[in-house]
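Enquirer: For reference, the chains in residue letters:
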Amino acid sequence: MSSALAERIHYCLICEAKNDPEAVLCSECSAPMALIQEAVQQDREPCIVSVIGDTNVGKTVYLGFLLDMLSKRAGDFEAIPKGAYSVNLQQAVISYLSRRGFPPKTPSEVDLWNWAYYQVVQRRGGTNWFDLVMPDMAGEALAAEVDNPKSFQVIHNLLAKSEGCIVLIDAAVASTGSPQPDFFGLKLMSYVDDMFAVKRGDKIDVPVAVVLCKADYCPESFDNPAKFAQTNLNRTWNICEARFQNVRFFAASVVGSLAYGTDEDGNIVSVPLHCAPRGILEPFQWILSRL
Amino acid sequence: MDSQPTVMEAPAGAAAASATVTCDQAVFSSVRTPTGQGYRIIAASKGLTPEEKRDITTRSPSHGGLCDEGPDASAVAFYRLSTGRLALSYSCDAGAEHTGRGVRRIYTHITVIAEADFARFGYNPSNVLMAVDACGALQVQLQPPHILNELVLTPSNRTDAERAAAAAERCGAPWVVYALSLVLSKQRVVTGGTFDPGDWIEAVLFGVPGPLRAEVSFSAGLRYTVGRPYGLSAVNGDLQKARRLVRGQKVTYLEPESQPATPARKDSAWLQMVENHYRDGRCKALADITSQAIPDCSVAALDRIAALALDAETAASARTADVLRLAEDRADLATVNSFEAALLDKLHIAIQKHLHDRLRHECDVQPFLSDLTRLLQQSRRAADIVLPAVRLAIQRLATAAPHRAAAFALEAVAACRDADHVASLVPCLSDVLSGFRSWVLTAVPKELEAGRAILTEWQFKRSESDEVTAILAQIDDRLQALQYS
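Quick note, the sequences are listed as chains S and A, same order. At position 253 of the first sequence the residue is numbered 253 (the numbering used here), and the sequence of numbers has no breaks. At position 332 of the second sequence the residue is numbered 332 (the numbering used here), and the sequence of numbers has no breaks.
Hints are not guaranteed to be accurate.
What the hints assert, rightly or not - Stretch by stretch, here's where chain A covers chain S in the computed footprint (C-beta under 8 Å, at least three residues): (1) 15 to 29; (2) 72 to 86; (3) 102 to 115; (4) 148 to 158; (5) 266 to 273.
Unchecked claim - Partner residues aside, some chain A positions facing chain S, computed with beta carbon under 7 Å: (6) Gly64; (7) Arg247; (8) Ala342.
Treat the hints as calculated values from the structure; they're not laboratory data. The beta-carbon is built from N, C-alpha and C at its ideal position, and this holds for glycine as well.
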């Protein structure tokens with residue numbers, strides 16, 4: 001155990017605030033203190049990969065499915081969850097989907113977020129283990145932070161420490177002509193741009209995978225995600241091209257087919273009939289290759 | 001639920017009369033609009049600043065944020081915004097969320113009020129909430145106009161102490177006072193139990209001096225989260241989770257079932273006063289003190305105020321001799337502001353009332369006469385306090401033992417430093433002399449001799465009275481008659 005890391009066992013991994021040894025959550029940013037304890041045990045600095053996107057875009061489902069695929073050794077990956085709390089997210093997602101339902105929304109309160117700490121290695125092509133920390137953030141909290149920076153300090157600190165970002169954008173809504181996904185993507189990329197501010201003219205080299213979610217609604221996005229983005233998410237595309245040198249577009253979908261019903265208040269409820277994951281691993285694999 | 005707007009707003013452009021308070025409002029909830037979806041401020045009045053909106057966004061609950069679940073779940077929170085204004089939020093369940101993802105929608109109405117206006121509600125957030133409710137603003141409105149009008153509230157500073165009293169009775173006064181001691185020391189407190197969170201908050205708040213209440217942020221019925229720090233959080237439901245989350249935080253979790261620890265300032269007169277009031281079920285009297293605009297809320301000043309209130313309790317229940325000592329100590333107490341002066345006046349009245357009531361019913365007033373005379377002599381204020389008792393004592397003695405009444409009356413008159421006080425005793429002197437006339441007919445020679453001696457002194461000291469000469473003659477006649485008989 002490196003002494004430098006061991007000395008930090010009472011300091012939050014995310015915001016580096018000193019905490020009481022008994023603290024379960026950081027008193028400053030509410031991140032779980034278990035993260036730093038795992039990092040100290042592994043004696044390795046973890047890589048934080050942030051999965052960000054608008055509310056209802058599918059962050060929880062994407063991340064839960066990704067973790068489940070990794071732990072099932074998809075793509076020749078091997079992934080070991082560190083701490084039982086790391087399994088909660090994938091367990092919730094898979095359980096709900098197997099009961100033909102989507103998992104509940106992630107609340108804005110940070111202590112209710114699911115955090116995953118995984119050790120990952122891709123057997124094919126390398127033996128480097130990565131300690132990955134991936135929180136499932138609430139879309140509302142992200143939106144509030146983007147609108148008023150530092151209102152959710154934990155998001156600010158997380159992104160500042162991220163070594164890679166997976167940005168989810170609702171391709172299904174974008175394909176209908178709605179400008180909202182594009183505007184939110186633009187805001188998000190602008191926020192990330194501010195976060196990793198570099199000299200004018202230079203581009204940010206943090207790897208950013210822009211994932212077009214719910215791509216089963218617009219199958220053409222699978223054929224050429226970049227072209228789909230350039231056409232339907234032009235503002236986001238432009239800022240990516242202008243400010244990020246390490247960016248790539250992907251298309252992904254989890255659910256094979258949906259049915260619709262209504263709840264007691266007349267709200268439309270989507271019912272996932274079966275899962276047909278496509279394009280889930282690729283963004284992650286690409287990010288890992290850039291770390 | 002999504003149907004028609006029902007929030008009643010202040011009439012646009014209404015001129016705020018002096019009897020009303022104008023404040024800003026906002027609604028935080030999850031709805032789908034052309035510009036987005038999810039939890040955010042969906043409507044607000046124009047006066048809210050971006051900083052205030054940010055504070056409201058980070059403080060407002062999303063789904064699962066209430067302790068209770070179901071259509072009747074609600075919560076209240078109170079906190080200071082970074083601009084200095086105060087926010088009072090009311091959250092409630094508003095049906096299933098539109099996303100159809102199986103979660104309940106939480107609807108939060110936020111009232112933003114200036115601190116100066118808070119005083120007009122008796123420093124009581126419940127009064128603000130009732131005023132907001134009275135204008136219909138707490139009704140769920142999921143399609144509000146983007147810009148709301150300002151709220152025009154009618155302030156009231158009523159003190160409905162029943163809820164607080166009930167909570168204090170359930171939890172026990174020492175327990176509420178322990179929580180209060182932590183709050184006054186600016187420590188954060190979380191508690192949960194079988195009681196209503198709102199009642200418990202009210203019980204603790206009533207012990208906080210009014211002007212300090214703006215500094216006590218609280219939540220009642222909101223799930224505890226580390227990211228929303230409140231000075232006082234009352235939770236219910238999953239208490240185990242709250243206990244786990246506070247571990248290692250600078251927060252004290254109070255177990256209502258356990259014996260409270262001794263307050264940090266166990267010698268605090270203020271805490272003692274609050275405990276006495278709760279123990280005796282006198283919550284309204286407590287609220288009457290604490291809900292005032294106390295000009296100095298320093299520890300020393302609060303202890304001075306509490307000492308006066310505790311003295312008033314003593315004056316109401318202690319032995320007469322102790323009350324006389326209290327009168328001696330407190331008659332000329334120097335006060336530093338009008339609030340303390342008013343409390344001191346109340347104490348003086350309480351002492352005055354005690355002495356008057358006791359002397360009316362006491363069998364023998366004799367033991368107190370020297371103390372009363374000393375107080376008449378002490379100062380004008382002391383004399384003001386005891387004069388009614390002195391008059392009563394003279395009147396009571398005048399019928400039973402006029403010679404003693406006359407002696408005491410003469411002492412009292414001599415002790416008075418003020419002509420007004422002497423003048424106020426004059427009617428009693430007539431009573432004494434009237435009493436003499438009938439007394440002479442029944443007194444024994446020894447008493448008659450004593451009476452003659454005192455009346456001779458009276459005649460010397462108060463030569464204006466002709467009646468004395470007549471009574472002296474009556475005594476002489478009676479003595480002569482007794483001698484012959």
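Enquirer: Give me the numbers of the hints this structure contradicts, sorted from smallest to largest.
Expert: Checked against the structure, the hints that fail are numbers 2, 8, while the rest are satisfied.
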